[in-house]
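First to last, the protein sequences are chains L and G.
So the first sequence is numbered by the working numbering: it starts at 1 and just counts up by one.
So the second sequence is numbered by the working numbering: it starts at 1 and just counts up by one.
The hints are simulated quantities; they were obtained by calculation from the structure and are not laboratory data.
Take every hint as true, because none was put in to throw you off.
Where chain L lies over chain G, by a calculated footprint (3+ residues, C-beta under 8 Å):
| # | segment |
| --- | --- |
| 1 | 142–149 |
| 2 | 156–162 |
| 3 | 240–251 |
| 4 | 268–274 |
| 5 | 292–300 |
C-beta atoms are modelled at their ideal positions from N, C-alpha and C, and glycine is treated no differently.
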Amino acid sequence: MLAVIGKRLIATIPVMVMVAVVVFMMLRLTPGDPAAVIAGPNANSAQIEEIREQLDLNRPLWEQFAIWAGNLFRGDLGESFFFKAEVTDLIGQRIGPTLALATTTIILTVLLAVPMGIIAAYRRGTWVDRLVMGFSVLGFSVPVFVLGYLLIYIFAIQLGLVPVQGYAPLADGFWPFLQRLILPSLTLSVIYVAFIARITRASVMEILEEDYIRTARAKGQTERRILFFHALRNAAVPIVTAIGIGIGLLIGSVVVTESVFNIPGLGRLTVDAVLGRDYPTIQGVILVFSFAYVMINLLIDIAYTLFDPRIRY
Amino acid sequence: MSTVSSPIQADAATPTGSTGGSVLGTLLANGGVRFGGIVLFILFMIALAAPLLGTIDPALLDPTYRNKLPLEARPILNDAGEEVTVTHWMGTDTLGRDLYSRVIYGTRVSLIVGFSVAALAIGIGLVIGLISGYIRLLDTVIMRVMDGIMAIPAILLALSLVALWGAGLVTVILAIAVPEIPRVVRLVRAVVLSVREEPYVEAAISIGTPTPKILYRHILPNTIAPLIVQATYTCGFAILVEAILSFLGVGIPTDIPTWGNIMAEGRLLFRVYPHAILFPGIFLALAVLAINMLGDGLRDTLDPRFAKRTST
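Just chain L, same shape as in the assembly (with noise of 0.2 Å):
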């Protein structure tokens, strides 16, 4: 087992590495000059110098990048122009939000979408499944701010269950920290439970077909028993691959959530930055989520030899 993490380990450097580049080369590849451009079109000649300084780009791009590889690989993502502080601090100060937004709304996702897919796969063809795959359509559609709006009219503001917008950390209770989640993790939720949903019901229905579970009805086991052990157990390797795949969506999906519902947390600290043009803070906010992303996904690598035995890298 240990080997196993190992070798999906070292798997993922090459990975990092060229997130790494593209994120270092995207500015240097950015037409005109780099200095200038991140200075803004109102800086003067000794502001785009200091910016210049700063970021060594006097020097050879190799050494600009060994440089900058290097203070990465310290955890130095540089200091931020725009909020005048070490970037990882500004990360540091914003990733809670964050992570409890993501946290609670993969909790849900998990908790409507798989069943739902069991469901749908069960009664075929049936109006049920049909209601599971329209859903699954439309919360592909709806774009996640017009349907944030669309729940904080008539949650918060029509019927006052909970409060319009704002963040409270688990510090200040756990009641009103859920409250203020709620809403933000339902709407980040819904176009991850369509994604989710369409995957188990499709791979239930697959396993649905097999041999082992005409063995296993033949033998006279409840239908309960044969979909949430035998169907679902032997569907889990394409559903958890799908969550992994989804938590890229998420991401996306957490920046505009955060500015609907006004959390300070990292999505808005990347959308501030894109305005501030605070480049730095982008880059340190690209590298933070990539690493997030390629991190859950080698997880549930690992978790695959859980679910299936069969498998072995």
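Take the given structure of chain L and dock chain G to it, following the hints.
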């Protein structure tokens, strides 16, 4: 549909292709293709005929007529100086501009962005994918770069590219297209790798057919069906991302009416006047829904194996 061989293929709810007939007939037998096609066609017509649909200048400000509710009618002077009555079907925004006109004109931007991004991503991805699939030496390098790009969430990558290149229609199109390219490259490469093992390609190689001709004559045609499907999804996603970028205030400049921009401007007074977000939101959701349904329908009819190839 008696046997189910791949997870996503199982989504093909409507059995098609059994009647024979032309490709178009088979396509139109699919409900998703019909619905998506019709809605998309209507949106096209709206975009083309925007000035003829009872719209007024979408940028026309009227400070005395701010935040009006839908269906409010009022007299207005037209270009000839005559007084005509204009009904604000969707009300007005915080600057007194007619929301109906803005939403109708916004259709243009969304469709332009959707189709440009799809064309760009497919075009560039096809070339890189063919090279990667056919020239082994470059394959490893290209695919590592693509893996790196794909590990960055698409919206984040688009956001940071817009931050670098500045906001504008062209930069937004480019920024949304870049994260989509690796998906196309992977798809094309997978087709190339499977087709190049086919006997007819081997035969072509053995009689000395030049590589460009093999790519063009034997390999390219096999990529068309999956690429049409991919282009549809890319188009829908691009419309969504453009709206997101504009909504966040980093996309298309605010003087151009786009669905995302209208919603961004409607944010401040959303609690009192939700219609400024509702109407563009409905148009946006409907457009993306139509395109996604079209994509699902095309996938089921044109290329059932496509899902299998890309789902792993």
